[in-house]
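There are 2 protein chains.
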Amino acid sequence: MSRDLRYLILADGLFHPEESKTANAVIRYTPERVVGVIDASRAGKTSQDVLGFGGDIPVVATFDEGLALKPNALLIGIAPAGGQLPDSWIQLLSRAIENKLEIWNGLHTFVGDVPELAALAKKHGVTIHDLRRPPAKIQVANGRVRNVKATVVLTVGTDCNIGKMTTQLQLLDAVRGHGIKTKFAATGQTGIIIEGSGVGIDAVIADFIAGAAEKLVLDCAKEADLVLVEGQGSIIHPSYSGVTYGLIHGSLPHAQVMCAQPSRTAINRCEWVKIPPLVDFIKMSEAATSALRPAPVIAVALNTYDLTDDDARRVVDQVARETGLPTTDPVRFGPEPVAGAIAQFHWDRPR
Amino acid sequence: MSRDLRYLILADGLFHPEESKTANAVIRYTPERVVGVIDASRAGKTSQDVLGFGGDIPVVATFDEGLALKPNALLIGIAPAGGQLPDSWIQLLSRAIENKLEIWNGLHTFVGDVPELAALAKKHGVTIHDLRRPPAKIQVANGRVRNVKATVVLTVGTDCNIGKMTTQLQLLDAVRGHGIKTKFAATGQTGIIIEGSGVGIDAVIADFIAGAAEKLVLDCAKEADLVLVEGQGSIIHPSYSGVTYGLIHGSLPHAQVMCAQPSRTAINRCEWVKIPPLVDFIKMSEAATSALRPAPVIAVALNTYDLTDDDARRVVDQVARETGLPTTDPVRFGPEPVAGAIAQFHWDRPR
Numbered sequence: 064m065s066r067d068l069r070y071l072i073l074a075d076g077l078f079h080p081e082e083s084k085t086a087n088a089v090i091r092y093t094p095e096r097v098v099g100v101i102d103a104s105r106a107g108k109t110s111q112d113v114l115g116f117g118g119d120i121p122v123v124a125t126f127d128e129g130l131a132l133k134p135n136a137l138l139i140g141i142a143p144a145g146g147q148l149p150d151s152w153i154q155l156l157s158r159a160i161e162n163k164l165e166i167w168n169g170l171h172t173f174v175g176d177v178p179e180l181a182a183l184a185k186k187h188g189v190t191i192h193d194l195r196r197p198p199a200k201i202q203v204a205n206g207r208v209r210n211v212k213a214t215v216v217l218t219v220g221t222d223c224n225i226g227k228m229t230t231q232l233q234l235l236d237a238v239r240g241h242g243i244k245t246k247f248a249a250t251g252q253t254g255i256i257i258e259g260s261g262v263g264i265d266a267v268i269a270d271f272i273a274g275a276a277e278k279l280v281l282d283c284a285k286e287a288d289l290v291l292v293e294g295q296g297s298i299i300h301p302s303y304s305g306v307t308y309g310l311i312h313g314s315l316p317h318a319q320v321m322c323a324q325p326s327r328t329a330i331n332r333c334e335w336v337k338i339p340p341l342v343d344f345i346k347m348s349e350a351a352t353s354a355l356r357p358a359p360v361i362a363v364a365l366n367t368y369d370l371t372d373d374d375a376r377r378v379v380d381q382v383a384r385e386t387g388l389p390t391t392d393p394v395r396f397g398p399e400p401v402a403g404a405i406a407q408f409h410w411d412r413p414r
Numbered sequence: 064m065s066r067d068l069r070y071l072i073l074a075d076g077l078f079h080p081e082e083s084k085t086a087n088a089v090i091r092y093t094p095e096r097v098v099g100v101i102d103a104s105r106a107g108k109t110s111q112d113v114l115g116f117g118g119d120i121p122v123v124a125t126f127d128e129g130l131a132l133k134p135n136a137l138l139i140g141i142a143p144a145g146g147q148l149p150d151s152w153i154q155l156l157s158r159a160i161e162n163k164l165e166i167w168n169g170l171h172t173f174v175g176d177v178p179e180l181a182a183l184a185k186k187h188g189v190t191i192h193d194l195r196r197p198p199a200k201i202q203v204a205n206g207r208v209r210n211v212k213a214t215v216v217l218t219v220g221t222d223c224n225i226g227k228m229t230t231q232l233q234l235l236d237a238v239r240g241h242g243i244k245t246k247f248a249a250t251g252q253t254g255i256i257i258e259g260s261g262v263g264i265d266a267v268i269a270d271f272i273a274g275a276a277e278k279l280v281l282d283c284a285k286e287a288d289l290v291l292v293e294g295q296g297s298i299i300h301p302s303y304s305g306v307t308y309g310l311i312h313g314s315l316p317h318a319q320v321m322c323a324q325p326s327r328t329a330i331n332r333c334e335w336v337k338i339p340p341l342v343d344f345i346k347m348s349e350a351a352t353s354a355l356r357p358a359p360v361i362a363v364a365l366n367t368y369d370l371t372d373d374d375a376r377r378v379v380d381q382v383a384r385e386t387g388l389p390t391t392d393p394v395r396f397g398p399e400p401v402a403g404a405i406a407q408f409h410w411d412r413p414r
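Those protein sequences? They're chains A and B, same order as listed. Note that the working numbering has the first sequence beginning at 64, numbered continuously upward. Note that the working numbering has the second sequence beginning at 64, numbered continuously upward.
Next comes chain A alone, as it looks inside the complex:
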């Protein structure tokens, strides 16, 4: 990952704070790697205009305009539900490969499995990174992870796309600042792009979710005293809870950090599932691990991007009061209260 990547990000029609999750995170954490974003509906704007960060990174209307920005990789920056590769993109991907752009793909549909694209990539000597392709051999989880000496902290959340990855990435430097050798365990395509390693946990065969999570933690623990695991989904998500529980029970955290968006009262796209009050949800999350290993929720990370500064400050204070836990919006107000809670937990934990 140390080589000079220059991404052109495909986010057509969906470049938006709440939609283009992969694009947004790559721009937030590795803006130096991004030369432009394709979205005809927002062409002429900058990333700063659309997301509120990312500076002058331009939004362009077409692949050809993007090519003029001299990318060396095309990154698929949006993840439609179900992850299917739209047919209309095949032609764009062909052109990218013909122009020697590497392909970075986080969808469930693998670009390398589309025969015409695989053949084209071979012909042009272009690498296709299908980030969700699972490792070849995964064992069933069996609790080996309990022998790990590192402290394992997992972000959990009330819903998808609410800040579980962002919180860990925001925390990373802050926790290291406390003098703890820390590793980020990426479990989704975006985290993998940013970290350069990890396992796309939602893409493994169902029986092996926990096994993949266990292996990831075992691997990360070799290099660190503290492993920050990127959570997925929600324990009440009607579509993805299987992934969530497999990850919780496979990674077997010592502690959890709760991620929530104060303005969100129901599961996105499944509004019939109401999100319980945060204090109750914290109890549910602790109950979710209790039969295997007690993992207290030790801090709260709020996503307040849709609130004013004043409202955000008010809600952070209110949640801290209601839960009795260190609380912050790690993007808006910095990660410190949560980072401090993790460091303290790490030092105090009985071994």
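Identical chains share a label here; the pair holds if one copy fits it or two copies do between them.
In silico SDA-like pairs for lysine to any residue, Cα to Cα no more than 20 Å straight-line:
no. : residue 1 : residue 2
1   : Lys212    : Trp335
2   : Lys285    : Ala406
3   : Lys200    : Ser151
4   : Lys200    : Pro178
5   : Lys337    : Asn224
6   : Lys133    : Leu68
7   : Lys337    : Arg209
For the record, the hints were derived by calculation from the structure and aren't laboratory data.
Go by the hints and put chain B onto chain A.
Relative to chain A, chain B alone:
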């Protein structure tokens, strides 16, 4: 499935009440389809000797002895953890195919994906049934299952291999006897073999577990007023809870039937996970669905195969008292108390 199947079951070294789960269930529910079992370590015995049911079905030492019993299909009757296809079986499978035996395989490793076996099957015109191969297109779950008019009842359990499939199969005729048009929704390879349809829910890609469960219930509900869904794993199973939760939240049952084995106090092969007292576990199981749809546990099905008749009767009575729920061992004492509870629930349910 109506054709004349004559299975030779491969269960080498593992034909046993607690090991050869697939073999045992096929012998219990479709003994007329089984001509013999391969297990050199128990050769000369009968199924009755080994399992306590299955009558004169012989156990033989070798494939050639089995061939003399005139099978027309080889069924892989044991499921090692992880589901990998042992190399030593490849030769046996080759011989089966050369002898025109269909292959019925419930492992995660697909026989049809082993090039030499696929080629051989093609050459001999032999069908390979890879029962865990997922359907081609599965949507992400979105709650469409809430529109189903049929009553959905799911078996859940404290552990794997504890009676979740057996209970539903034992219940089927009894519930139909109450005059309710009922369909069994198979979610595992053994259930699929017996029912002739279903989805191997543990073999789909993690993001689609709930979607596969939802589709299965939608399909079964077209043909029935009551759908009995085969549960999988356990909400506290460190290896398989992701499958369990995906199935629960995808099938969205109206009621649950709790399956437990009184003598089992910890998760099999993961003994570090203790099984909570049944009354507590019932509360945990009801909490597992409460945010999506309340699904009370309405009855208990115990697996008492390792107890004496007297002890079994005593424990059934005790659990009925402690839980306040209709309780039986559906194999030993018949399914009626549980079947009656399901019928009553179906009739009384507010719509």
